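**Q** As a plain string of letters, each chain reads:
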Amino acid sequence: MSEECAVELRDVVKAFGPFVAVNHVSLQIRDGEFFSLLGPSGCGKTTSLRMIAGFEMPTSGHIYIGGAQQGYLPPNKRPVNTVFQQYALFPHMTVAQNVAFGLEMSHANKGEIGRRVHEALEMVHLGGLGTRKPKQLSGGQQQRVALARALVNRPKVLLLDEPLGALDLKLRKAMQIELKNLQEQVGITFIYVTHDQEEALTMSDRIAVMDKGQVLQVAEPEALYEQPTHRFTADFIGETNFIPARVAALSPTILVELAGGIRLPAGWVEPGIAVGDRVMLSVRPEKINLYEAHELEELTATTCRVRGVVERLVYVGTDTHHTVRLESGDRVVARLQNLHVDEEPWEMGEATTVQWEAAHGRVFKEA
Amino acid sequence: MQQFLRRHPAVQAWLLLSPGGLFLSVFFIAPLFIVLIYSFLQRGTYGGVVWQFTFENFRRVFDPLYFNTFLRSAYIAILTTFFCLLLGYPLAYFIASRSPRTRSLMLLALMIPFWTNFLIRTYAWLTLLRTNTGLINTALLSLGVIAAPLPLFGNDFAIIVGLVYGWLPVMVLPIYAALDRLDPSLIEAARDLYASSAQVFRRVIWPLSLPGVVAGSMLVFIPALGSFVTPAILGGGKSLMIGNIISNQFLAAHDWPFGSALSMLMMTLMLLGTLYYFRSTLKAEADA
Ligand SMILES: Nc1ncnc2c1ncn2[C@@H]1O[C@H](COP(=O)(O)OP(=O)(O)O)[C@@H](O)[C@H]1O
Ligand SMILES: [Mg+2]
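Protein chains in written order, with my numbering: chain C, 233 to 599; chain V, 957 to 1244.
Among the clues, some could well be false.
Listed below are the simulated PhoX-like cross-link pairs for lysine-lysine, each with C-alpha atoms no more than 20 angstroms apart in a straight line [as the list claims (entries may be wrong)]:
id : chain 1 : residue 1 : chain 2 : residue 2
1  : V       : LYS1239   : C       : LYS367
2  : C       : LYS444    : C       : LYS597
3  : C       : LYS388    : C       : LYS412
4  : C       : LYS309    : C       : LYS367
5  : C       : LYS365    : V       : LYS1239
By construction, these hints were calculated from the structure, which means they are not laboratory data. Given the structure is predicted, the values throughout are model-derived calculations rather than measurements.
Here chain V stands alone, though its shape is the one from the complex (with noise of 0.2 angstroms):
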């Protein structure tokens, strides 16, 4: 047997992928294909779906009230990548050039939150931006720093802050790991070659943590483009993402059809904006 496969290494790979070959396409390329088979359905009066083929789900998923929420999500998500890479990158860059010790203290400090759970953490924040009761507010009013309560929940600005909170640590590890993979000698090569700090950044650092970057945006973009916790706590029940459109699909509305159009769409979406950003960083990175 051991022989048989020393001398046949592709029999040996396919079967050392079968294990988990097999739990994903039972697990997920066949639900992707209920998805995509219900999508085109009518739905059932209590929920289910009719076997009768039809595009008015695709149809009503371009409908201004849907596609509207469509792209402000994809804004909220935008700008939480876009914050999270603000705050994310000095951060990881700091911990990178801390020694070895603090280093794994400051990676462990960052993974702590993720040993809570994410509703709770989400209440928390709850707790700190309610516009009348709120933590924040309570303490600004009586400090007299501002007279009336400031707009911190209910709304955009109270999705983003909960979504960067949460995503935050799977931005900063893939760019800690890039930098601390980075030699040091190069960054003393452009030093001595009369490059500025800056000029440094720019041409050597930068471009060298860039995969960092982008798989650090991927991880962070996607789930928050697709989330409906956040949205369904700080939104306020005014603010909504698409997430929670398509939850009440199923949830509430008993339009299965309906959902998983929308769930196709955004799966759509999601990989243009992944093929996208690869295809402009690569081209980035070999332009550097």
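Next up, chain C with everything else stripped away, as it sits in the complex (with noise of 0.2 angstroms):
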């Protein structure tokens, strides 16, 4: 395992009697990162940061914290911290003795306790408001308690889940800025836990999309984005046109063919697809433009190309929707910015050719 791993998980299984909620998980979190784990409710996130935080133990596999094994360690024992869903603040304590806490509990000097609690009060601006109690705070400031509780005791590793989650969308996107820029200052090792996509792109150096227990793919928001290795990933991060197909050829280039004959080439095919297997050819909304017959570029073997009539218009501010009926009797969703005013729209009903990279179709396991 490398020098800067903040923690690593290797063949993590956890089961509750015969349910396997995490399954074989192997992680490496570096030193310094904002590291995500991004999946739909009940793929194992939650069990997965109680494992490194020590509230549950693996059935199997190994954590390490800071290249040390945690074994049985209890929570007390190890160097993270968690930020709590629903805070759990300590309702007889003020402000102050809940951010206190972890210093008492690790014997600090009274005298460093007071600095270091006003200080972690400050960074989470909430410096006048340390003998209220808990109850006498709006959500948000809640929030940056629980995060000052936290962050007080300089862990290695601050373990956060769904911590915005309780919020209002607008105060979210606020603390979303305002985490990143507080883990950026402090410099410690972020394992944050959500199932908004949005959020994780926003937030994350790196992310693991989790599904059923199983991390798919562990990669930087850009490069999930674009390169999905899963169906399920391309599916849950962003949108995206699933064509059934079926495998044409895999080399020299990858050609898929479609209904109707219509064959395609594609930038990159999933792992363990022979030809002849039937696949969901996936191409992004905003991948896909509409050109009129004579408008069209000389075809290239980079470029995919098919007929199709616009059927519906959905205008989003930003950009317009369109849906097109292909040849192949499939619809897809081509997503045109409205840069111009006066351009002029498609009508529903007309003929069009929808045209993308062959780079961006990407050939997924049909289920």
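Two chains, each in its own frame: build the complex with the hints.
**A** Here you go:
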């Protein structure tokens, strides 16, 4: 394992009775990284986080923090702190007492506790509220207290379980930016659990996509969006068109055949697919362009082109979503930016040709 | 009518309160007043009262003969409360940490003794504790563990055993309720912030269950202080509490005014105890 690993999970399994919540997960989280666990509800994100914190013990596999194997170490012996989903602030203590708790438990001296609590509260902009009780604060303020209470201990790793889930949209957006800034400022490794793909894309250095207890892909946000390696990821992150097809050739170029014998090149094919397999061709809506027949550029081997009819138009301000029924009978959505006001818009029922770069077409197993 | 009530919530509140209020004033406040007035009157020869004002009853109350019984009753009640807490808290904690199904079964088991008459249950203890023929002493003697019977009966020990047994469920229930309400993620948060199990208990669980402890303690202390069935049976006629003396004044000595004065003093004592207890625990809660 590498030097700069803050946290490593090696082949970790967690079963609750017969139910496997986390299924052979291996992760290497780098020092100082903002790392997100992203996946739908129930995919095992919280369980993974709780195993790192020490609230759950893996059924098998090992967890390392700062290079040290954690084994059965209880949570109070691990160099990590958690920001809980519902904050879990101590209701009988003031804000300052909440923040001081961890330092008191680790026997810091009184003067240092006072100073660091003050610093931590300043850092989350709660300077004057130290004497309040958690109940007297708004949701956003409680969130900050939870953050200060964890960060004041200067842990190696901060674990955050959907910390913004309880806030309203506007506050959530603001806190996303603040949290990211804070992480850069303190340089602590953040492991951030969320089911919100936009949140993960905005904040993370790297993201692990989870589904049904398994990690499907670990990548930087851009790579995750542009080069998803599983059909689930392509679907879960952003929006995409799936066109049913059959593999016609894998070399020298990847070719798939749509209904009606239309053959199209594609940029990438999921490992394990053979010629003749039924597959799904995935193309993101913003990669697709619409052309009138006379405008068409020279056809190259790297361009996909299919004739169709505009079926539906949805204007959403920045762009307009064009649903096109292809010759093959499949429907795709093309998202065209509304760049020019004087542009002649497409009309429903109009004949068109959709076109995209072959590199943007990714071929996934059917199921 | 409905509209009128909606526009006048105060009237509505008074209407809702009136049945309970009426009941309380007839059956609680009025008797209390009678006791208060009686305590300043003189005794009749065969019970009842003679309408002549006097402080004599209250002077007699502070006679060491009676006042020491007061103090001893308070001492017994405090010890009873203490032991109920000592046994009841871990029990409540244990129940609260079971699965929902086991929990309801255990709570049910806790309530089952209430289905049997208190008097009968106290006599059952008599069978166990009696000095020469009691089951415990007989068993220990025949096993050769002890040479002479232990003094298990007819003393404060027997009374406290009987009272702790009788009032334990009343201590457990409010503590259980408080622990049940406690958010488990608070315990995890404390663990996460480097607290040991003992520190989690002292800094989080105990202060948050304190309202249950206060309620349970009051519910045990007050009836324990005024009890007379348990000391009458398990005290063996030798060890008495203030409750026995009061009942004697009414039933045997026919001195109603003196019995009333003793009652008034006991109520005052309970009130003071209650106030002190609430104040100190509220303060403890605020400091925690
Ligand atoms: N203590 C537990 N006992 C049984 N099943 C559990 C327990 N904790 C979690 N699970 C199950 O494990 C799965 C993953 O849960 P979780 O990690 O909380 O998912 P996520 O945080 O991704 O929504 C869920 O199906 C959940 O029901
Ligand atoms: Mg979760």
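**Q** Each hint needs a verdict: does it hold in this structure or not?
**A** Outcome of the hint check:
1. LYS1239(V) <-> LYS367(C): It holds: about 19 angstroms lies between the C-alpha atoms, which stays within 20 angstroms.
2. LYS444(C) <-> LYS597(C): Measuring from Cα to Cα gives roughly 17 angstroms; hence the hint holds.
3. LYS388(C) <-> LYS412(C): holds, 17 angstroms
4. LYS309(C) <-> LYS367(C): With a Cα-Cα distance of about 29 angstroms, the restraint between LYS309(C) and LYS367(C) is violated, given a limit of 20 angstroms.
5. LYS365(C) <-> LYS1239(V): Given that 20 angstroms is the threshold and the Cα spacing comes to 16 angstroms, the pair holds.
In the structure shown, a violation is registered for the earlier hint numbered 4 alone.
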